[in-house]
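Note that the protein sequences, when read in sequence, are chains A and B.
Residues 1 to 204 in this note's numbering are what the first sequence spells out, letter by letter.
Residues 1 to 429 in this note's numbering are what the second sequence spells out, letter by letter.
Since the hints were made in silico from the structure, they are not lab data.
Treat the hints with caution; some may be incorrect.
[Unchecked claim] Cross-link-like lysine-lysine pairs, in silico, BS3-like; alpha carbons within 30 angstroms at most:
| id | chain 1 | residue 1 | chain 2 | residue 2 |
| --- | --- | --- | --- | --- |
| 1 | B | K191 | A | K37 |
| 2 | A | K37 | B | K123 |
| 3 | A | K43 | B | K75 |
| 4 | B | K330 | A | K129 |
| 5 | B | K11 | B | K34 |
Note that the structure is predicted; figures quoted are calculated from it, not measured.
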Amino acid sequence: MATTAKKTQAAIKMVGPETQVRANHSGLEFSKETEAKIKRILKRYPEEQSQSALIPVLKLAQDEFGGWLSTSAMQLTAERLNLPYIRVYEVATFYTMFNLDPVGKYHVQVCTNCSCMIRGSDAIVEAVKEYTGLKGQHEISDDSLFTLTEVECLGACVEAPMMQINNHYYTKLDKEQTLQILDNLKKGNEVVDATPTKPMKDSY
Amino acid sequence: MTTPKLSIDDKVFKNLDGSGDWGIKGYEKRGGYKGLKKLLKTDPSVHIDQLKGSALRGRGGAGFPTGLKWSFMPKPDGIKPNYLVCNADEGEPGTCKDRDILRYDPHTLVEGMIVGCHCLGAKVGYIYVRGEYYDESSRLNQAIEEARKAGYLGKDIQGTGVDVEIYVHLGAGAYICGEETALLESLEGKKGQPRVKPPFPAGYGLYGCPTTINNVETIAQVPPILKKGNDWWCQFGRENNHGTKIFSVSGAVNLPGNFEAPMSISLKELIDEYAGGVIGGWDNLQAVIPGGSSTPMLSAANCNTAVMDFDGLRDLGTGLGTAAVIVMNKDTDLLRVMARISHFYKHESCGQCTPCREGVGWVSRLMDRLIAGEGTLEELDQMYDVTKKIEGKTICAFADGAMWPVQGTLKHFRHLFEERIKENMKANG
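Chain A on its own, in the form it takes in the complex (with noise of 0.2 angstroms):
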């Protein structure tokens, strides 16, 4: 550990003492769990190429501390693979499934691209609003259950219109099936699920 602490201040003052504030206060920890995880992911690169980990290991941290990335989840993550914090941000701006700002405990993704907006997906993003309140995107339910937020094309379209609610599809859709799935997740009740890809094993 202390050679890593080692590299990582070495790589810190690459970038600048306000980065150097930052990297040393991140107050987070991985779980155990992440941390095993992590360990699995570092394997499957050439060990000097660890940086290929970081959208992986980022993607662990969002789910791992509330949905979104804070600061100091970044941090954390920098401090982890030994990178400087600029090029955990810079890789945290780019991507579209790495959330900035708070998100509801369920981040409902609507695609409305071509295919879903042919079979109707202004119906299921109405449906949305309707059941949670929510007015616009990236606005957090007032029972901070839920976000809307409209995607591009995720891949499903034979299966249109459909939704991603944090790692999982729901496709085939209408507005009373959307209404039920959020009402079913919001009770804590098992969902009905017209996709039949369960997941059979953390895919990490």
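Dock chain B against the given chain A, drawing on the hints supplied.
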């Protein structure tokens, strides 16, 4: 003329509809992994020559001959490793074939990666899966684990002396990472911005090592071609476009779905015989996007005669792309669809080249004005002019793919834009 449907034996993806067992037992029952040992014992140069003869063309959109691409790879020099990278960053609107391969028939890809790595002298292969395919990548990971346990992966596979390891890498939501050099950047843990070519990935790819990147479908099709031979493969489709192909038919059809069919099938047959026909009947057809959002639309008149292969669609001024057929009937607001596609490209531009970063957004804003009724007739010409100034002026083909559909829509459906503008001028006095 009708094209006979593929028999189950002739299909590469026998479980594409998800009705059977996706796991290794089901795959072996369907003939999978049979003859793998023989393929691994054969010299790679024999395989690559056969692939050249099969005229297999890349299924990811560009249609580059796979055998030729693979022949560019140098022999491993013992210093730098060779890599095979599979592009499963499927994100072109309309395209969803790789998703069904990953979740319903993942072992076709695993076997393809094993054979591909052998052909290219790679000991390690990466499969870059788009981050949103979380459940699908879980399936794939399980399939890889099953293959390892069965002795199809790892060191000295079935006593042939071939070592192959495969790893799944999840992205995080960026369409541009489907561009092969952007994908490599992303796999290296950076922003997914395309590299300037040359050097090409075969010389300087992942971590600066020789690398070949292929689409999921392409890689999965390699073992059946090598096992069954070119005569089998070339009986499907026309000269230079041979083989079987997955067509993703979505939009205004009665039974949307992914269908594996012979190449060079007619568009009408594909829609009528496979996808249950256009909603409201063939006469209710307005337009079709034949190969994903980057390919220009076909007018209804062209749809009557369109042949679904690389050359057939090129002759109609569009392309096969990923064979993602998006059907629009007369109830569809075609201009809104086009504006939505432009918005997509504005959102997904990586921002590296100025013509794309600024221009694609400009076109999207013009498009939004036009459908909102704020546009003028002069702006139609201006929009066309802007598309021409972006096309061909950037590092990668993203901007071209963003501009061609706009040009195509202006060519075939200019009257719709004009009608909309005139209606609004009338309404606003």
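Check: Does the alpha-carbon distance linking B/K191 and A/K37 stay inside the 30 angstroms limit?
Finding: 23 angstroms, holds
Notebook entry, point to check: Does B/K123 lie within 30 angstroms of A/K37 when you go C-alpha to C-alpha?
Noted result: Since the Cα atoms of A/K37 and B/K123 sit roughly 23 angstroms apart, the hinted pair holds (cutoff 30 angstroms).
Note to self: Next pair to validate is A/K43 with B/K75; report whether the Cα-Cα distance is within 30 angstroms.
What the structure shows: 26 angstroms, holds
Notebook entry, point to check: Does the structure keep B/K330 and A/K129 at a Cα separation of 30 angstroms or less?
Noted result: 29 angstroms, holds
Item checked: B/K11 paired with B/K34 [C-alpha distance capped at 30 angstroms] -> Within the cut-off at roughly 15 angstroms; holds.
Checked against the numbered hints above, the structure violates none of them.
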